[in-house]
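Undergrad: Sequence:
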Amino acid sequence: MYAEFALPDAARRVYSELCCPDVVAQTAMVGALAGSGEVNLARDLFDGMPQRDPIAWNAMIAGYSQVGRSKEALELFSLMQVEGVRVGEATIVSVLTACAHLGALAQGKWVHGYIQKNKIRITVTLGTALIDMYSKCGDMRRAMEVFWSMGEKNVYTWSSAMSGLAMNGAGKECLELFELMKQEHVQPNWVTFISVLRGCSVAGLVDKGREYFDSMRDEYGIEPWYEHYGCIIDLYGRAGRLDDAVNFINAMPIKPHVGAWGALLNACRIYKNIKLGEFATRKILELESKNDGAYVLLSNIYADSRNWKGVSSVRESMKAEGVSKEPGCSVIELGGKVHEFFVGDRSHPRYKEIELMLGEMSRRLRLAGYVARTNEVLFDIEEEEKEDALCWHSEKLAIAFGLIALGEGVTIRIVKNLRVCLDCHDATKFISKVFEREIVVRDRNRFHHFKDGACSCMDYW
DNA sequence: CTAGGGTTAG
Numbered sequence: 201m202y203a204e205f206a207l208p209d210a211a212r213r214v215y216s217e218l219c220c221p222d223v224v225a226q227t228a229m230v231g232a233l234a235g236s237g238e239v240n241l242a243r244d245l246f247d248g249m250p251q252r253d254p255i256a257w258n259a260m261i262a263g264y265s266q267v268g269r270s271k272e273a274l275e276l277f278s279l280m281q282v283e284g285v286r287v288g289e290a291t292i293v294s295v296l297t298a299c300a301h302l303g304a305l306a307q308g309k310w311v312h313g314y315i316q317k318n319k320i321r322i323t324v325t326l327g328t329a330l331i332d333m334y335s336k337c338g339d340m341r342r343a344m345e346v347f348w349s350m351g352e353k354n355v356y357t358w359s360s361a362m363s364g365l366a367m368n369g370a371g372k373e374c375l376e377l378f379e380l381m382k383q384e385h386v387q388p389n390w391v392t393f394i395s396v397l398r399g400c401s402v403a404g405l406v407d408k409g410r411e412y413f414d415s416m417r418d419e420y421g422i423e424p425w426y427e428h429y430g431c432i433i434d435l436y437g438r439a440g441r442l443d444d445a446v447n448f449i450n451a452m453p454i455k456p457h458v459g460a461w462g463a464l465l466n467a468c469r470i471y472k473n474i475k476l477g478e479f480a481t482r483k484i485l486e487l488e489s490k491n492d493g494a495y496v497l498l499s500n501i502y503a504d505s506r507n508w509k510g511v512s513s514v515r516e517s518m519k520a521e522g523v524s525k526e527p528g529c530s531v532i533e534l535g536g537k538v539h540e541f542f543v544g545d546r547s548h549p550r551y552k553e554i555e556l557m558l559g560e561m562s563r564r565l566r567l568a569g570y571v572a573r574t575n576e577v578l579f580d581i582e583e584e585e586k587e588d589a590l591c592w593h594s595e596k597l598a599i600a601f602g603l604i605a606l607g608e609g610v611t612i613r614i615v616k617n618l619r620v621c622l623d624c625h626d627a628t629k630f631i632s633k634v635f636e637r638e639i640v641v642r643d644r645n646r647f648h649h650f651k652d653g654a655c656s657c658m659d660y661w
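Taking the working numbering, I'd label the letters of the first sequence as residues 201 to 661.
No lab work stands behind these hints: they were computed from the structure.
The structure displayed is predicted, hence computed values, not measured ones.
For every residue, glycine included, the Cβ atom is placed at its ideal position computed from N, Cα and C.
A hint or two may mislead.
[Stated by the list, open to error] Capping the alpha-carbon separation at 27 Å, the derived lysine-lysine pairs in BS3-like fashion look like this:
| hint | residue 1 | residue 2 |
| --- | --- | --- |
| 1 | LYS537 | LYS317 |
| 2 | LYS490 | LYS455 |
| 3 | LYS408 | LYS353 |
| 4 | LYS472 | LYS490 |
| 5 | LYS382 | LYS408 |
| 6 | LYS651 | LYS372 |
| 7 | LYS372 | LYS382 |
| 8 | LYS472 | LYS509 |
[Claimed, not checked] For each label pair, taking beta carbons as the anchor points, the in silico distance ranges come out as:
| hint | residue 1 | residue 2 | range |
| --- | --- | --- | --- |
| 9 | TRP390 | GLY440 | 24 to 30 Å |
| 10 | SER547 | LEU487 | 33 to 39 Å |
| 11 | ARG644 | VAL538 | 15 to 21 Å |
| 12 | GLY536 | ASP659 | 32 to 38 Å |
| 13 | ASN617 | GLU283 | 29 to 35 Å |
| 14 | GLY440 | VAL223 | 29 to 35 Å |
| 15 | LYS651 | TRP348 | 49 to 55 Å |
| 16 | GLY313 | LYS519 | 49 to 55 Å |
| 17 | GLY536 | GLU283 | 17 to 23 Å |
| 18 | ASN240 | THR611 | 17 to 23 Å |
| 19 | GLU540 | GLY313 | 23 to 29 Å |
| 20 | ARG644 | LYS372 | 20 to 26 Å |
| 21 | LYS519 | LEU218 | 51 to 57 Å |
With the sequences and hints as input, model every part of the structure.
TA: Spelled out as structure tokens, the structure:
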């Protein structure tokens with residue numbers, strides 16, 4: 201209850217007046233602390249509890265899960281098993297949420313196996329969590345297997361599957377599912393429509409997207425909100441209809457937010473529109489002066505047109521505002537262990553082999569006709585250095601490691617914290633062909649499935 | 001009277 205209202209002080213006050221808090225009160229307090237961001241305090245209280253039942257364990261695991269400290273959530277889960285605590289549905293759901301967040305497919309599969317082995321009934325909630333986990337790990341085949349096997353489905357279940365399909369580039373399938381959902385008389389809500397509109401966007405169905413958008417209010421009585429406006433701007437932007445996107449923003453009945461201008465800015469990057477890109481960036485910075493993503497996108501637009509003056513002015517502004525680019529980080533899961541790579545990272549124990557593989561990649565890609573896209577390197581450096589800088593992007597390191605360490609033909613799965621850069625996207629397409637390897641990259645907000653030299657995003661992301 | 005505390009879709 202206190203967690204919901206985010207009143208840690210009030211909760212703490214009430215709690216401190218209890219003469220002898222029992223398991224229930226302590227569990228509630230663990231939840232309240234975790235829910236208000238005080239996860240470490242929650243953990244201290246949890247560790248000091250004289251008895252901990254499964255609900256208490258779950259409160260703590262959910263606490264970690266909700267603030268994105270997913271690794272700790274999984275660690276606590278394994279500790280829970282070591283101590284022989286009975287694992288219930290809620291805990292499994294929290295653990296699946298953590299796996300989804302990390303993109304940890306192997307761990308998620310293990311949990312699914314655990315469910316089957318222990319004959320835990322797949323309820324609507326649990327099934328939905330499984331679908332979400334597989335979707336966010338880029339395994340839509342398994343996500344849909346779970347979906348179709350479920351007897352009872354609610355709006356969360358449908359929305360989750362639709363979101364997964366849209367996120368993984370299967371826009372048409374997403375919309376088919378929506379039609380089926382309507383046939384089954386499940387009422388869509390505002391979250392469902394985010395997936396519907398994203399589905400239209402990735403499928404390039406502009407008019408249909410516009411129809412669905414209008415139907416929200418007309419047929420379902422759902423008022424479109426920021427996210428929906430953002431989707432339509434993305435829809436127009438992806439189709440290259442930048443004027444329509446601008447007109448749409450100008451006609452918004454609510455004040456355009458960072459996401460609205462961000463969608464426009466991204467379209468400007470793809471369609472190389474400097475003037476509009478500068479305008480969108482100004483709008484974003486008016487709302488959020490330290491938005492590093494906007495600076496990086498604008499810099500990319502300048503660099504793409506070899507406008508080095510523009511590039512260095514962006515660098516100056518960033519310095520003046522005290523903004524720095526979030527460092528890129530790519531993660532690859534291998535044998536249940538997560539390997540992290542940062543830009544130019546030489547700290548991996550198998551670094552020597554990785555370096556050799558990077559050399560081989562470079563040679564074989566060049567033979568296949570790959571030319572480094574040096575345009576998007578953030579700052580103006582010499583051409584040769586640039587090519588070198590690109591080689592060290594975190595996803596290339598992770599892919600090189602995957603090629604070395606994973607068995608022949610095993611899909612390489614990468615999770616990245618930022619957007620994929622143009623050069624890495626290009627290079628990965630080549631790698632998928634030259635090395636005959638499927639590569640799945642989850643970036644900040646979507647998936648790229650690379651196969652035979654092509655990507656599921658159709659080169660728009 | 002013996003509950004109450006934990007979980008899913010953007």
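Undergrad: Could you run down the list of hints and mark each one as holding or not?
TA: For each hint, the structure was consulted:
no.	hint	in the structure
1	LYS537 with LYS317	holds (23 Å)
2	LYS490 with LYS455	holds (19 Å)
3	LYS408 with LYS353	holds (26 Å)
4	LYS472 with LYS490	holds (23 Å)
5	LYS382 with LYS408	holds (16 Å)
6	LYS651 with LYS372	holds (19 Å)
7	LYS372 with LYS382	holds (16 Å)
8	LYS472 with LYS509	holds (16 Å)
9	TRP390 with GLY440: 24 to 30 Å	holds (28 Å)
10	SER547 with LEU487: 33 to 39 Å	holds (37 Å)
11	ARG644 with VAL538: 15 to 21 Å	holds (18 Å)
12	GLY536 with ASP659: 32 to 38 Å	holds (34 Å)
13	ASN617 with GLU283: 29 to 35 Å	holds (33 Å)
14	GLY440 with VAL223: 29 to 35 Å	violated (60 Å)
15	LYS651 with TRP348: 49 to 55 Å	violated (24 Å)
16	GLY313 with LYS519: 49 to 55 Å	holds (51 Å)
17	GLY536 with GLU283: 17 to 23 Å	holds (20 Å)
18	ASN240 with THR611: 17 to 23 Å	violated (37 Å)
19	GLU540 with GLY313: 23 to 29 Å	holds (26 Å)
20	ARG644 with LYS372: 20 to 26 Å	holds (24 Å)
21	LYS519 with LEU218: 51 to 57 Å	holds (52 Å)
Checked against the numbered hints above, the structure breaks hints 14, 15 and 18 and satisfies the rest.
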